[in-house]
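Student: Working from the sequences, and respecting the hints, build out all of it.
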Amino acid sequence: MTVRRDQSSQKSGFGRTGHIFVFPYVVFFLLFAAYPLVFSLILVFHRWNIVTPMEWVGFKNFVRLLNDPLFAKAIGNTLLFLAVHIPLQIVVALLFALLLNTRIAARGAFRAIFFLPVVVSGVVVTILWQQVYAYDNGILNAIALSLGLPRVPWIIDPSMAMPSIALMATWKNVGIYIVLFLVGLQNIPKELYESASLDGADSIRRFFYITIPMLNPSMILVVVLSTIGGFSLFIEPYVMTGGGPMQSTLSAMLYIYNQAFYFGHMGYAATLGFVFAVMILAVVLLQKRLLEREAVVA
Amino acid sequence: MKTLGRYILLFSGGVIFAYPFLWMAVGALKPEAEIHDLALWSSHLSLASLEKVFAKVPLARSFLNSVIVSAFTTLSVIFFGSMVGYALAKLQFKGRQVLYAAILFTMMVPFQLTLIPQYILIVKLGLTDSYLGLIAPTMMSALSIVIFRQFFLGIPDALLDAARIDGCSELRILFRVVWPLARPTVLTVAILTFMTSWNEVLWPLLVVRERSLMTMPQLVTIFVTGGEAETQLGVQLAAATMLALPVTILYAFFQRYFIDSMVSTGLKG
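Chains as they are written, first to last, in the working numbering: chain X, 1 to 298; chain R, 1 to 269.
FYI, nobody ran anything at the bench for these hints, they're computed from the structure. Note that the coordinates shown come from a computational prediction; the quantities given were computed from them, not determined experimentally. Some hints here could point you the wrong way.
Listed next, the stretches of chain R that the computed footprint assigns to chain X, with coverage defined by at least 3 CB atoms under 8 Å from CB atoms of chain X [said to hold, decoys possible]:
#: 1; stretch: 4-10
#: 2; stretch: 87-94
#: 3; stretch: 131-140
#: 4; stretch: 193-202
#: 5; stretch: 252-263
Beta carbons: idealized from backbone N, C-alpha and C, even for Gly.
Tutor: Next comes the structure, spelled out in structure tokens:
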């Protein structure tokens, strides 16, 4: 009986301590998560520049968005970015992960070098790649000229600028995905390969029938994280091209930034943010479903 | 033969990832006319470009600002993150499930949705152009709470009960008994938070206009895009090199934790 009372008093004591422990977070959550979430749903129905009073405009922001050529442009640019970035990221990361997953010397050193661009600020990487891509005497064009090839208009040709930024983003982030694939590769049971070899499967078959299907969880992660990254692309076009040439590198995030802080259109910027957020969630859910189903079929 | 091919591929990869950084660091020290050489050496290395950067913008002050903001954010995230993580893993209290669900939910919400309202909140609280305005929205992080909770779940209750019988308070148990066991987790979360905070540039661009309060990546961004660097390439590379240096030094010492921390962000997926 006494034991029991002890336990129950201890339990309620835990309850109080628990509440004290989480109280600061609850305050933080209300201020910086719940309030912004609710407020964004109010903002999308208003015209507001922060200074003058808010003005109710109903669904006008959404109507404007549907007829806004720059909104369509930003979506198109983001999709182009993803179309180049995701496949490139997967191929390069998988190649290096497979190479690092063999018995070779200096594995740690190679991994450390591939990971270096990940830890360095995107600002640094972009300033650097401006010189890699520079038309007159950039690193890549200097190499091209010395090989007798013509100069490439990496970031001054509107049709090439976004793919060039996607290539740079791949260089910056691929280290993360190499490591994620390495973890995935190390989780594949060795017996699978052994029994497949006994059954006469060559290395190409083993790769497509064992490695790729078994890597599915890592693959989903790579696709999802790259997609979120693509929709968040900001500092790279901001520093490198300012969204140009001819709005060809205007990213979703850069457009929100311009509407809010260049034009002071808070309501419209919040509407853009809302729609992009819904798109991100929809795309990510769709990717997960497609990739997970593929895994079941394989 | 096969091994040789592997080494050639890996080595070319190493060059592709390392060469641009080396070119940048050496370019910061080269005279302007030689920067466009692809060579990683010059007989005329000097600190002239670096001196120009320091003369034009308050880079040292921005370094200090970045240290203050990143250090404070990191301490706050590991302190509060481990408290909430501990409560969720080891304490019984009313609303625990609801809170955990709310934390998982905030991890799913894209920041594009909350950025503008968060900015307006900071404006209305009068926190623009202040350290608190820079730090406040990242003082706690849902991801860190989830990482801590995950680790604390694996700590045996018997250990905690033993400490309780000795009369330890829960706060003491967390920081004196659990933290020493969780050192790698604490370090991983700390590195992840510090790196993210150090490299953050969008938020400072929004809330800070005053030069003396700008963080380092922000100041370098404005320096390079705002025309102050003019067309002097050496000066731009010098600014970029100074910005890259602190994190690179930390990375040299804590490489494993940097890599682990990025793997743990996989939880977001």
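Student: Now tell me, hint by hint, if it's right for this structure.
Tutor: For each hint, the structure was consulted:
1. 4-10: The restraint on the stretch 4-10 of chain R holds, since 4 of its residues have a Cβ under 8 Å from chain X and three suffice.
2. 87-94: Our answer is that it holds, as 6 residues pass the Cβ test (under 8 Å) against chain X, meeting three.
3. 131-140: It holds, with 4 qualifying residues against the three required.
4. 193-202: Held - the stretch 193-202 of chain R has 5 residues with a Cβ nearer than 8 Å to chain X, which meets the minimum of three.
5. 252-263: Holds, because 5 residues of the stretch 252-263 of chain R bring their Cβ atoms closer than 8 Å to Cβ atoms of chain X.
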